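Participant: Now for the letters of each chain:
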Amino acid sequence: MTQNGWGQIALFCVIVLLLVRPLGGFLTRLYSGERTLLHPALAPVERGFYRLAGVRPEQDQSWLAYALAMLAFNLVGFLVVYAALRLQGALPLNPQGLAGLAPDLALNTAVSFVTNTNWQSYGGEATMSYGSQMWALTVQNFLSAATGMAVALAFVRGFARRSVQGVGNFWTDLTRSTLYVLLPACVVLALVYVALGVPQTLSSYVTAKTLEGADQTIALGPVASQLAIKMLGTNGGGFFNANSAHPFENPSALVNLIQMVSIFAIGAALTNVFGRIVGDERQGWAILGAMGALFLVGVGLVYWAEASGNPIHVALGLDPAGGAMEGKEVRFGVALSALFAVITTAASCGAVNAMHDSFSALGGLIPMINMQLGEVVIGGVGAGLYGVLLFAIVAVFVAGLMVGRTPEYVGKKIEAREVKLTMLALLCSPAATLIAVAVAAVSPLGLAGLQESGPHGFSEMLYATTSAAANNGSAFGGLTANSMFWNVTLAIGMMVGRFALIVPMLAVAGSLGGKKRLPPSSGAFPTDGGLFAGLLIGVILIVGGLTYFPALTLGPVADAFATAAGRTY
Amino acid sequence: MLAQLRPAIVLMALFTLLLGLAYPLAVTGVAQLAFPSAANGSMIERNGQLVGSALIGQAFASPRYFHGRPSAAGQNGYDASSSSGSNLGPTSKALAERIAGDVAKARSEDGLAGPVPADLVTASASGLDPDISPASAQAQAARVARERGLSEPQVRALVDRTVQKRLFGLIGEPRVNVLALNLALDELK
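Chains as they are written, first to last, in our numbering: chain L, 1 to 569; chain S, 1 to 189.
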């Protein structure tokens, strides 16, 4: 570890922190229906969309209507993507003449992009036409992110409102998130990316004659427009197979910095939106503080593990000063590769600038734990906030048990119904992860995809089912996942991890919204300070630790002991 | 659910037109006008011949050139239409054997005695890494000088001139673009 490495990590943290309040203020004004700077240009578009779609923007929906609207929209999105991918060969903007996708791969990919996962069983440049990247994948990158923001907002309203049945209007939350936040930001980001070297063209791949006289075919495409939303929407699906490790998708450390900030910007700001909407910004800072502590511990551990170098390879004559460079790019080195890996799994992004499969055992363990804790360290846009608020409900419930009072959170009584629904939401993802990996581990179809034998092979499968159920999308890429078994198994995991969490969570919002808001009293457990942040961290770690410890022991923990003993498989 | 179908279908159609066509096409148009070189892949020509992209690594095997990192892209490495890392794990026997072979090769070709720079014998994440570390470039300088009949200080000075430093002395890692270095090498007389 070097001073420079820590300096770069500190720079990233400072930039994100500086963005929290301005962006949080903007989002709060937008969602409260106030006019923003962008309204003169975009408000007519917004009104036109509502008129054509028959949406009455001021109409409040019950939690159930909100959930059904969300499900209907995602179902339509799934069908569009599935059809576009199956018919790819017959659709335009396909200069390489790539064929339509097989049914299981199209199913997996459509579910993947609709659920904001962006798991990729395919390699982009060899599978997806420019057209598919644009009208199937880029569109869902926007809309799945906007869905997450909408749902998070509905949840926050449950806390803020008093004795009302509605949680907001899904169509306006979705449309405003897309038109006023994601689209304008992406237009700017995409052009900045091009200026810094990311291609944006519809011309076909070109063939160069290398200095040694060989032919090198270089894949191109409309990369920058997809890259901008892929990071800002915490989607993470790469234009190219190598994702943000590809020199076209991440040409320099400066582009890398912008990408990392993009992943965290909206998720971090949403904690501030929460604080503002419930009327006390400190509530937001307490949550962000808990997230920040977990984040820094993760970064420190991965950076240390990767900077130390692999003892097996050092014994073969590798200079340990360079760190563990297998699967990493020289322009990022170990510090930025470790930082990116923690960011992308703390948020539900899943873009990578280094290959996690080649990380050390500990370096791969932390990203896995980040996802297994529910991606509540900043988290995906929207998903991170509602995920951490579910844990906050459990935390005040635990605190209530300890002192023998009915728990309250930001003025709302937390009662049996809310706690039951919260636990239901929190248990879906672990169930999907662990059942799927157990089935895969005893099935020849599951084992057929493995590249590694020994404990690391189990890690490859555990990482895959974890990533799917957590809607992350990053992978231990040694696993060949483009088979019927893995495509279908992971598609189920992605759907459970997304919708089986959102629906009970919206039910909690509806239930909370119907309650009175209590005035702050001296007997209530304060949730705006360090004590609550500490308790929240404890609950997150205990729930995650107890759930996943046995599985982690079989994979990365055993792998760490094997590495220390110099054992290879 | 049925009541939600009309807004679901209409909004999906409108957003597909806006986000899937208008947005990427508008960005493409502006990018092609404002940044034509970058938008088309930062291609490099020499004597009117396209020799590669400034951002994409290519294979070098001849002892007269500086070599890049091992590559897992495509069948033979550096396939820029099939980017990929090796994805071999920390306890992989195949990886340990590959590294041992590359260490032995670097030691015999370049006469290295001590530890070998890590990036020179490890595969990159993309398989298309255009860069090596300054240490990896200097480790090859003696061989390249010998093969080309140049003086070693001359080649080392060229490497030093080609090093790209950290942005503002802080961001990124110092690196040497192998294609740029080899193009400059061909210009040396």
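None of these hints come from the bench; they were simulated from the model.
The structure displayed is predicted, hence computed values, not measured ones.
There's no promise every hint is true.
Derived coverage of chain S by chain L (criterion: at least 3 residues anywhere in the stretch with Cβ under 8 angstroms from a Cβ of chain L; other residues may be distant) [as the list claims (entries may be wrong)]:
{"#": "1", "segment": "60-67"}
{"#": "2", "segment": "113-126"}
{"#": "3", "segment": "150-156"}
Pair by pair, the computed Cβ-Cβ distance ranges are [what the hints assert, rightly or not]:
{"#": "4", "chain 1": "S", "residue 1": "G149", "chain 2": "L", "residue 2": "I15", "range": "23 to 33 angstroms"}
{"#": "5", "chain 1": "S", "residue 1": "R64", "chain 2": "L", "residue 2": "P550", "range": "53 to 63 angstroms"}
{"#": "6", "chain 1": "S", "residue 1": "A100", "chain 2": "L", "residue 2": "L531", "range": "47 to 57 angstroms"}
{"#": "7", "chain 1": "L", "residue 1": "G89", "chain 2": "S", "residue 2": "A61", "range": "47 to 57 angstroms"}
{"#": "8", "chain 1": "S", "residue 1": "L167", "chain 2": "L", "residue 2": "S163", "range": "52 to 62 angstroms"}
{"#": "9", "chain 1": "S", "residue 1": "Q32", "chain 2": "L", "residue 2": "A293", "range": "44 to 54 angstroms"}
{"#": "10", "chain 1": "S", "residue 1": "R64", "chain 2": "L", "residue 2": "V314", "range": "42 to 52 angstroms"}
{"#": "11", "chain 1": "S", "residue 1": "S37", "chain 2": "L", "residue 2": "I15", "range": "23 to 33 angstroms"}
{"#": "12", "chain 1": "S", "residue 1": "R46", "chain 2": "L", "residue 2": "G89", "range": "32 to 42 angstroms"}
Covered stretches of chain L (chain S as the covering partner; in silico rule of three or more C-beta atoms under 8 angstroms from a C-beta of chain S) [stated by the list, open to error]:
{"#": "13", "segment": "19-28"}
{"#": "14", "segment": "501-513"}
{"#": "15", "segment": "537-544"}
Ideal Cβ placement from N, Cα and C applies to all residues, glycine included.
Participant: Each hint needs a verdict: does it hold in this structure or not?
Facilitator: Going down the list of hints, with the structure as the test:
1. 60-67: holds (count 4)
2. 113-126: holds (count 12)
3. 150-156: violated (count 0)
4. S:G149 / L:I15: 23 to 33 angstroms: Given a distance of about 50 angstroms, which is not inside 23 to 33 angstroms, the answer is violated.
5. S:R64 / L:P550: 53 to 63 angstroms: The hinted range 53 to 63 angstroms holds for R64 of chain S and P550 of chain L, with Cβ atoms some 56 angstroms apart.
6. S:A100 / L:L531: 47 to 57 angstroms: holds, 54 angstroms
7. L:G89 / S:A61: 47 to 57 angstroms: violated, 37 angstroms
8. S:L167 / L:S163: 52 to 62 angstroms: This hint holds: roughly 55 angstroms between Cβ atoms.
9. S:Q32 / L:A293: 44 to 54 angstroms: Holds: the Cβ-Cβ distance is about 46 angstroms, inside 44 to 54 angstroms.
10. S:R64 / L:V314: 42 to 52 angstroms: At roughly 31 angstroms between Cβ atoms, V314 of chain L and R64 of chain S fall outside 42 to 52 angstroms, so the hint is violated.
11. S:S37 / L:I15: 23 to 33 angstroms: holds, 28 angstroms
12. S:R46 / L:G89: 32 to 42 angstroms: Given about 37 angstroms between the Cβ atoms, the range holds.
13. 19-28: Answer violated; 0 residues pass the 8 angstroms Cβ test.
14. 501-513: violated (count 0)
15. 537-544: violated (count 0)
Hints 3, 4, 7, 10, 13, 14, 15 from the earlier list are contradicted by this structure; the remaining hints agree with it.
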